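Work out the full structure: start from the sequences and follow the hints.
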Amino acid sequence: MTSITDAPESPLPFGSARSRKTTGHHVIRWLRANLFASITSSVISLILIALLAKAFVSLVQWGYWNAIWSVPSDQTGACRSIRGLGACWAVIPEKYRFILFGTYPFSEQWRPALATLVFIALFYVSSRRRWWRKELIAVWAAALILIGVLMWGGIAGLTYVSQDRWGGLPVTLILATFGLAFGFPLGIAVALGRRSKLPAIRSLCVLYVELIRGVPLISLLFMASVMFPLFMPDGVNVDKLLRAQIAFVLYAGAYLAEVIRGGLQAIPRGQHDAADALGLSYWKKNGLIILPQAIRHVIPPLVNTFIAFFKDTSLVLIIGIFDLLTTAKTSIIDPAWQPFSVEVYVFVGLIYFVFCFAMSSYSRQLEAQAHPN
Amino acid sequence: MTTSTPDLPRRRRQRFSLNRQQLVGLAWQILVVGIAVAIVGWLWSNALHNLSVRRISTGFAFLGREAGMPIADTWLAYSPKDPYVRAFIVGIVNTLRVAVIGIVLATAIGTLIGIARLSSNWLLSRLAAVYVELLRDIPLLLQLLFWYVLMQGLPAARAAWKPIEGVFLSNRGLVLPSVPIAEANLWVIAAVVAGLIALYVLRRHLMARQVADGKVRHLWPYALALLAGLPALVSWSLGASWTVTMPELRGFNFVGGLTLAPEYFALLIALVTYTSAFIAEIVRSGIQAIPRGQWDAAAALGLRRRFVLQRIVLPQALRVIIPPMTSQYLNLTKNSSLAVAVGYQDVVSIANTTLNQTGQAIEAIALIMMVFLTISLGISLFMNWYNARIALVER
Numbered sequence: 001m002t003s004i005t006d007a008p009e010s011p012l013p014f015g016s017a018r019s020r021k022t023t024g025h026h027v028i029r030w031l032r033a034n035l036f037a038s039i040t041s042s043v044i045s046l047i048l049i050a051l052l053a054k055a056f057v058s059l060v061q062w063g064y065w066n067a068i069w070s071v072p073s074d075q076t077g078a079c080r081s082i083r084g085l086g087a088c089w090a091v092i093p094e095k096y097r098f099i100l101f102g103t104y105p106f107s108e109q110w111r112p113a114l115a116t117l118v119f120i121a122l123f124y125v126s127s128r129r130r131w132w133r134k135e136l137i138a139v140w141a142a143a144l145i146l147i148g149v150l151m152w153g154g155i156a157g158l159t160y161v162s163q164d165r166w167g168g169l170p171v172t173l174i175l176a177t178f179g180l181a182f183g184f185p186l187g188i189a190v191a192l193g194r195r196s197k198l199p200a201i202r203s204l205c206v207l208y209v210e211l212i213r214g215v216p217l218i219s220l221l222f223m224a225s226v227m228f229p230l231f232m233p234d235g236v237n238v239d240k241l242l243r244a245q246i247a248f249v250l251y252a253g254a255y256l257a258e259v260i261r262g263g264l265q266a267i268p269r270g271q272h273d274a275a276d277a278l279g280l281s282y283w284k285k286n287g288l289i290i291l292p293q294a295i296r297h298v299i300p301p302l303v304n305t306f307i308a309f310f311k312d313t314s315l316v317l318i319i320g321i322f323d324l325l326t327t328a329k330t331s332i333i334d335p336a337w338q339p340f341s342v343e344v345y346v347f348v349g350l351i352y353f354v355f356c357f358a359m360s361s362y363s364r365q366l367e368a369q370a371h372p373n
Numbered sequence: 001m002t003t004s005t006p007d008l009p010r011r012r013r014q015r016f017s018l019n020r021q022q023l024v025g026l027a028w029q030i031l032v033v034g035i036a037v038a039i040v041g042w043l044w045s046n047a048l049h050n051l052s053v054r055r056i057s058t059g060f061a062f063l064g065r066e067a068g069m070p071i072a073d074t075w076l077a078y079s080p081k082d083p084y085v086r087a088f089i090v091g092i093v094n095t096l097r098v099a100v101i102g103i104v105l106a107t108a109i110g111t112l113i114g115i116a117r118l119s120s121n122w123l124l125s126r127l128a129a130v131y132v133e134l135l136r137d138i139p140l141l142l143q144l145l146f147w148y149v150l151m152q153g154l155p156a157a158r159a160a161w162k163p164i165e166g167v168f169l170s171n172r173g174l175v176l177p178s179v180p181i182a183e184a185n186l187w188v189i190a191a192v193v194a195g196l197i198a199l200y201v202l203r204r205h206l207m208a209r210q211v212a213d214g215k216v217r218h219l220w221p222y223a224l225a226l227l228a229g230l231p232a233l234v235s236w237s238l239g240a241s242w243t244v245t246m247p248e249l250r251g252f253n254f255v256g257g258l259t260l261a262p263e264y265f266a267l268l269i270a271l272v273t274y275t276s277a278f279i280a281e282i283v284r285s286g287i288q289a290i291p292r293g294q295w296d297a298a299a300a301l302g303l304r305r306r307f308v309l310q311r312i313v314l315p316q317a318l319r320v321i322i323p324p325m326t327s328q329y330l331n332l333t334k335n336s337s338l339a340v341a342v343g344y345q346d347v348v349s350i351a352n353t354t355l356n357q358t359g360q361a362i363e364a365i366a367l368i369m370m371v372f373l374t375i376s377l378g379i380s381l382f383m384n385w386y387n388a389r390i391a392l393v394e395r
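Chains as they are written, first to last, in full-length UniProt numbering: chain U, 1 to 373; chain E, 1 to 395.
Hints may be right or wrong, so weigh each one.
[Said to hold, decoys possible] A few chain U residues facing chain E, derived, Cβ under 10 Å:
(1) Gly63
(2) Asn66
(3) Leu204
(4) Val206
(5) Gly214
(6) Ile218
(7) Pro229
(8) Pro233
(9) Ala328
(10) Cys356
No lab work stands behind these hints, which were simulated from the structure alone. None of the values given here were measured: they were computed from a predicted structure. Each residue gets a CB set at the ideal place from its N, CA and C atoms; glycine is no exception.
Structure follows, in structure tokens:
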């Protein structure tokens, strides 16, 4: 795979542009080789340049030139008068605290902010190859406990904040991270179960994976929000966020199981035979020999699953949990700011993009390391 | 079985005894299945108890009751007085309507972007890369809400944008010229489908004969007769009318033509652009998986480039492309359930309304699951059949 910044060597012999003898300054040489190699290519380039220039000009006009960056509180008259011609970025400084942290008590919002930073540090540490060892599990446990303490409080002089006041980016990160942290072991167990020789366990795992993967995530979330209380005994009331979290764990488990199964299938038979010959038990064989190799094989597709999963957490909007997208959508219910939802969506889209782009470039980097050619 | 009797008792004993490994396996299975059955049984008994407390009768009898829910955008005749079962059928048609058209458009656009990504034109390949990266890294739901908001921000019907004659884009959605579909028109469409099937059979037959005797046989006269002649004949004999009705602005709304409601249009755009980004990557990696040597070898044989792409590279690339493409089609179909967020009434949205009106949560969710499992199974079966057809046959 290639990253966005380096031009790929085209594998298709569409024209023999690169072999043509070129003279002149290197910029001109580059232009001739890459934009004006043939008549067709030149026409395409010219059309694209014209379109891009037009799009760029109108984007700059809307987003910068005509944009309004601040207005006195809730006086959006100036913004309304330029609607469609210029962006009203004033909505972002007005609403960003609510978008990022929801209805978390205003004076305590440093806590979710700190929790977000802990999450980011945790992701960074987990992505470094030299940190891939057993201690990482302890680091994860410690970080998740720390985040719980920060969000809930109630000890160490922090006031208690119940889950229904949580919102915004921390909720998105919590749903994604806890979903993966619990879904991953579940996925491993199910993947092993699906390749087991025991027919009852195998069919149970197949049933689980195919049922979850066969239906849309929304129906799982409806199940968690509507059906879950039906299945609980009297008096047991599970919090809405926790119910959604359970649905996400089950969902992640099924998808991760399929990715891990792919890795298990890539392990040659000889590895199993060798482990058996050493007299290792089933658990030792898988834990020490098979799984470490299998998971290493599938790290890039695993990261892709993580990205998909991170984006999928936004679906909790439909069952009314205040994640980043829901707070964004709620922040513009305010009549004064209602017409400026595009600006808010651009802002939130940028946050999602930064996280996903970081993960996808990381995955590309890993793939490049795995296949140097 | 040998005839030496002294061995027999020992053998029999051996056959009925299990070794240690099998015993452990059996124990594990009993344990896991036991836990699963216990959990399901516990949940089920809780559910029965809760339902009886809330006086909700289980079963699908509610499907016959009057739905009383309005459905704005539908292809089938429907009124709120119709029973729930009718509402569900309308919802399923709405889901299929967005999924099928979405799959066709996403495949076309995705393939183009995937090929553009490999272009030797730097600008084109960079733009395709930006398209893919931008759309893949933003949640689909956010994109859907974004398109919907843009759609609502369009001018009113009176000031609608008119990119070409007969096409209007306004906050009422997209209005296109249309052909009224009568029974005769349907027969003509059926004739085209029959012609396609006949042509396919004929092509196989001609290919087999060409392989047998080496003589080149042309397909196009048959194609002309079956795809143009036959439908024209049917159309003429049934007197089908093909006059195009142009939409017209009367008062505050459009009359005539085909209207794509803003909800449907926003959902379609979001699904198509999002999925096309993934399809582009699949197509790109599929073509890149074909070694350059294949191109060179074909060129050395003096084959023309188009022939090489059609007969050598594409058939091989398809083997790499089809399996991940299947899962993208399944994803698109499942993602169409996001319709509920913009108020397009697909089957999930209707099930959700039903659930809120009747409290029949288990039945409503079971219906959603049934519908999607059936659609998924249908797509999987078709794609597996196609995959088996194009798979490498090793001799």
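Against chain E, with CB atoms and a cut of 10 Å, does the hint on Pro229 of chain U hold up? Result: holds, 8 Å to nearest chain E Cβ.
Taking the closest Cβ pair, is Cys356 of chain U under 10 Å from chain E? holds (4 Å)
With 10 Å as the cut and Cβ atoms as the points, is Gly63 of chain U at the interface with chain E? violated (15 Å)
Asn66 of chain U as chain E interface residue, shortest Cβ-Cβ below 10 Å: Since chain E brings no Cβ nearer than about 16 Å to Asn66 of chain U, farther than 10 Å, the hint is violated.
For the hint on Ile218 of chain U, just tell me whether its beta-carbon gets within less than 10 Å of chain E. Holds - the Cβ of Ile218 of chain U comes within 10 Å of chain E, reaching about 5 Å at its closest.
Return the status of the interface hint for Val206 of chain U: holds when the least beta-carbon distance to chain E is below 10 Å, violated otherwise. Constraint on Val206 of chain U not satisfied, violated at 13 Å.
Closest C-beta approach of Ala328 of chain U to chain E relative to 10 Å, hint status: holds (8 Å)
Gly214 of chain U as an interface hint toward chain E, with CB separation required under 10 Å: holds (5 Å)
Interface hint for Leu204 of chain U, Cβ within 10 Å of any Cβ on chain E: holds (6 Å)
Hint check: 10 Å Cβ-Cβ cutoff, Pro233 of chain U to chain E: Status holds, d = 5 Å.
Hints 1, 2 and 4 from the list above are not met by this structure, while the remaining hints are.
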